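Chemist: Just so you know, the protein sequences line up as chains F and P, in that order. Here the first sequence stands for residues 0 to 305, numbered as in numbering that gives the first Met the number 0. Here the second sequence stands for residues 0 to 353, numbered as in numbering that gives the first Met the number 0.
Hints are computed from structural coordinates only; laboratory data are not their basis. This structure is a prediction, so every number in the text was calculated from the model and none was measured. Treat the hints loosely; a few may be bogus.
Taking CB as the label site, the calculated pair distances span [stated by the list, open to error]:
1) P:F265 - F:V296: 39 to 47 Å
2) P:G144 - F:Y156: 51 to 59 Å
3) F:Y10 - P:E143: 27 to 35 Å
4) F:K6 - P:P127: 27 to 35 Å
5) F:M0 - P:E167: 34 to 42 Å
6) F:K6 - P:E143: 52 to 60 Å
7) P:T171 - F:A101: 32 to 40 Å
Reference excerpt, derived from the structure (chain P facing chain F, CB under 10 Å, subset only) [to be verified]:
8) L118
9) Q134
10) V141
11) C193
Heads up, the beta-carbon is just placed ideally off N, CA and C, and yes, glycines get one too.
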Amino acid sequence: MRQFVLKRFCYSLLSLFLLSVTIFFFVRVTGDPATLLTEPGASEADIAAIHQKFGLDRPLVVQYVLFMTSLFRGDLGQSFYYQTPVMDLYWSRLPHSLLLAAVAMAFSLIIGIPSGIIAAVRIGSFWDSVGKVFALLGLSLPSFFIGLLMILLFSVYLGWLPSSGSGTPLHVIMPAFALGWYFAAAHMRLTRSSMLEVLGSEYIKLARLKGLPQRLVIAKHAFKNALIPVLTLAGINLVLMINVAVIVETVFAWPGIGRLLYEGISFRDFPVVQGVVILGGAMIVAVNLLVDIVYAVIDPRIRLGS
Amino acid sequence: MSNSTLSYASSKAAPRAIRDIRPPLLELRNLSTHYVSQQGTRVVPAVDDVTLSIRPGETLGVVGESGSGKSTLALSILRVLPTAARIVNGQILFEGEDLVTKSDSEMRHVRGKRIAMILQDPMASLNPLFTIGNQVAESMRVHEGTRRRAAWQRAIELLKSVRIPSSETRVTQFPHEMSGGMRQRIVGAIGISCEPRLLIADEPTTSLDLTIQAQYLALLRDIQREHGLALIFITHNLGIVAKMCDQLAVMYAGRLVEYGPVERIFDNPVHPYTKALLNSIPRIDGMRQRLTAIEGQPPDMARLSPGCAFAARCPMAFDRCRVEAPPSVALEENRTARCWLAVPEPPRAAVGVA
Numbered sequence: 000m001r002q003f004v005l006k007r008f009c010y011s012l013l014s015l016f017l018l019s020v021t022i023f024f025f026v027r028v029t030g031d032p033a034t035l036l037t038e039p040g041a042s043e044a045d046i047a048a049i050h051q052k053f054g055l056d057r058p059l060v061v062q063y064v065l066f067m068t069s070l071f072r073g074d075l076g077q078s079f080y081y082q083t084p085v086m087d088l089y090w091s092r093l094p095h096s097l098l099l100a101a102v103a104m105a106f107s108l109i110i111g112i113p114s115g116i117i118a119a120v121r122i123g124s125f126w127d128s129v130g131k132v133f134a135l136l137g138l139s140l141p142s143f144f145i146g147l148l149m150i151l152l153f154s155v156y157l158g159w160l161p162s163s164g165s166g167t168p169l170h171v172i173m174p175a176f177a178l179g180w181y182f183a184a185a186h187m188r189l190t191r192s193s194m195l196e197v198l199g200s201e202y203i204k205l206a207r208l209k210g211l212p213q214r215l216v217i218a219k220h221a222f223k224n225a226l227i228p229v230l231t232l233a234g235i236n237l238v239l240m241i242n243v244a245v246i247v248e249t250v251f252a253w254p255g256i257g258r259l260l261y262e263g264i265s266f267r268d269f270p271v272v273q274g275v276v277i278l279g280g281a282m283i284v285a286v287n288l289l290v291d292i293v294y295a296v297i298d299p300r301i302r303l304g305s
Numbered sequence: 000m001s002n003s004t005l006s007y008a009s010s011k012a013a014p015r016a017i018r019d020i021r022p023p024l025l026e027l028r029n030l031s032t033h034y035v036s037q038q039g040t041r042v043v044p045a046v047d048d049v050t051l052s053i054r055p056g057e058t059l060g061v062v063g064e065s066g067s068g069k070s071t072l073a074l075s076i077l078r079v080l081p082t083a084a085r086i087v088n089g090q091i092l093f094e095g096e097d098l099v100t101k102s103d104s105e106m107r108h109v110r111g112k113r114i115a116m117i118l119q120d121p122m123a124s125l126n127p128l129f130t131i132g133n134q135v136a137e138s139m140r141v142h143e144g145t146r147r148r149a150a151w152q153r154a155i156e157l158l159k160s161v162r163i164p165s166s167e168t169r170v171t172q173f174p175h176e177m178s179g180g181m182r183q184r185i186v187g188a189i190g191i192s193c194e195p196r197l198l199i200a201d202e203p204t205t206s207l208d209l210t211i212q213a214q215y216l217a218l219l220r221d222i223q224r225e226h227g228l229a230l231i232f233i234t235h236n237l238g239i240v241a242k243m244c245d246q247l248a249v250m251y252a253g254r255l256v257e258y259g260p261v262e263r264i265f266d267n268p269v270h271p272y273t274k275a276l277l278n279s280i281p282r283i284d285g286m287r288q289r290l291t292a293i294e295g296q297p298p299d300m301a302r303l304s305p306g307c308a309f310a311a312r313c314p315m316a317f318d319r320c321r322v323e324a325p326p327s328v329a330l331e332e333n334r335t336a337r338c339w340l341a342v343p344e345p346p347r348a349a350v351g352v353a
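Based on the provided sequences and hints, a complete structural model is requested.
Modeler: The structure is reproduced here in structure tokens:
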């Protein structure tokens, strides 16, 4: 078991190392930040001064080594644009992302689980077809499109909800819905298939043979069993939601880490982009590692097979 | 209770005349259950035109190969069928009421309460997330409105009655903490918890090892005697049939090919399939004879020929068998066979339903 955890942990570190290399070099392909930080037509000397200030005049490999050494000290460097430590920016934005992800997750579960159950229990019925269409739309319609449609309907026509920003509970509704939409479809599909599997099991057959009413068979015997894989997926998805909301946060001007990443890219603010991507990557890698370990604890076959 | 115990005890030895005046507990009349594919193009007659009956306290053995319709027959009686399956014809008379015409909510009060069933896989038939006590007490709480505490007490007693040691602690445990034999006894306890009149056991011992099998069969018999239960025992083990059953129903390709009292069928099987089945079990009474396997494969149920389904494998088949399905022929009281050979000369004297 200890060996298994150690091995997984090394894999995780390797993934993060590869991620850091990739993001470090790719972000430098996007162009020269100095041109965005100076007036158009600035002198060569001004630009050179900026390069020197941010260390961009040194060889790439040296820059990378410096970046990595400070990363190990927990320092992600200074934002070019804000002139403050990236870590401070990140921590100030993270609570917004957490709030958005939590509400989006609630939406996705409140929509996904009941509709998945109905689709499984009434398989082949009208509601099953509605669910299938919903899942298809949820998985294929991009979230910015949903977001724009909602802004048009609820902000422009109806005037019920603020179209952007944050601060009140009303502000979180639309971005959370736009973000949760895709995940609702994913959760619905998994609930449906997991429920169908459980409904075909012998213990459900026995529950029916015992003469239990349908609602007890579904709500007691099937529901709990069907929920296990859904909650596992939801746990992983929550971490994804925190980190992949770039487009939704941009559309709704939501001040989370997705928006921070977007700003970083627009201003060629290399330390911000690197920091957000690596912290997000670390979060996702950590959750996957955790899931692997938990599964290994639960299922001895995984543990021994490794 | 004492009354039915008495009748069970006497059922094997009782003279025929006394046995026959008791009305049957369950009577299937021309029951047909078909699986229909979604487009309705493929029809599989999993149970086809089955007529049989069982009296209170009696044990009926149902034998046949895998896929011969035994389990579908059992599930039809309780009307817990897969969505593709439908009862297309016939009656299921239980204590005089036709179960086929009952609504689903009426059926709920039959299931578990008046007719209970034990499934074949004890490992899979208990819900892994609920305690044993919860699952045993559940039927009583639903059917008899028993209070939580009383149902729990009763669950402990039931576990004792199926010989589960230290049942007070066992009720609080989960299925994965039990052995296969224990789980099957627990399923048995669930079956008898509401004191049903009929218990259907679908190959309850196939997944148990031999010593546990013998124990379980003895337990089932004790339970049956104690509660005056009628028992339908689905198996492919003719040895068990010989030991446990009063009546025997032999199924082949969804049809009841031979039906009657066990001793009479064992002494004088009429249908070639029954003969072949009996020849394929080893005897231990000293008579050494060649064991014969049945040649060929069971037919494709979706493409049955118009003739007898067994014709292709039957050593005695003649031309008529291949073109026309034989009717169910009444041989003597309470005994039928579905074979042209059983039709007395001249053939038009056939009785029963074609």
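Chemist: Next, verify each hint and record whether it holds.
Modeler: Each hint tested on the structure:
no., hint, verdict
1, P:F265 - F:V296: 39 to 47 Å, "violated (55 Å)"
2, P:G144 - F:Y156: 51 to 59 Å, "holds (54 Å)"
3, F:Y10 - P:E143: 27 to 35 Å, "violated (57 Å)"
4, F:K6 - P:P127: 27 to 35 Å, "holds (30 Å)"
5, F:M0 - P:E167: 34 to 42 Å, "holds (35 Å)"
6, F:K6 - P:E143: 52 to 60 Å, "holds (56 Å)"
7, P:T171 - F:A101: 32 to 40 Å, "holds (36 Å)"
8, L118, "holds (6 Å)"
9, Q134, "holds (9 Å)"
10, V141, "holds (6 Å)"
11, C193, "holds (8 Å)"
Figure legend: structure checked against the earlier numbered hints; hints not met, in rising order: 1 and 3.
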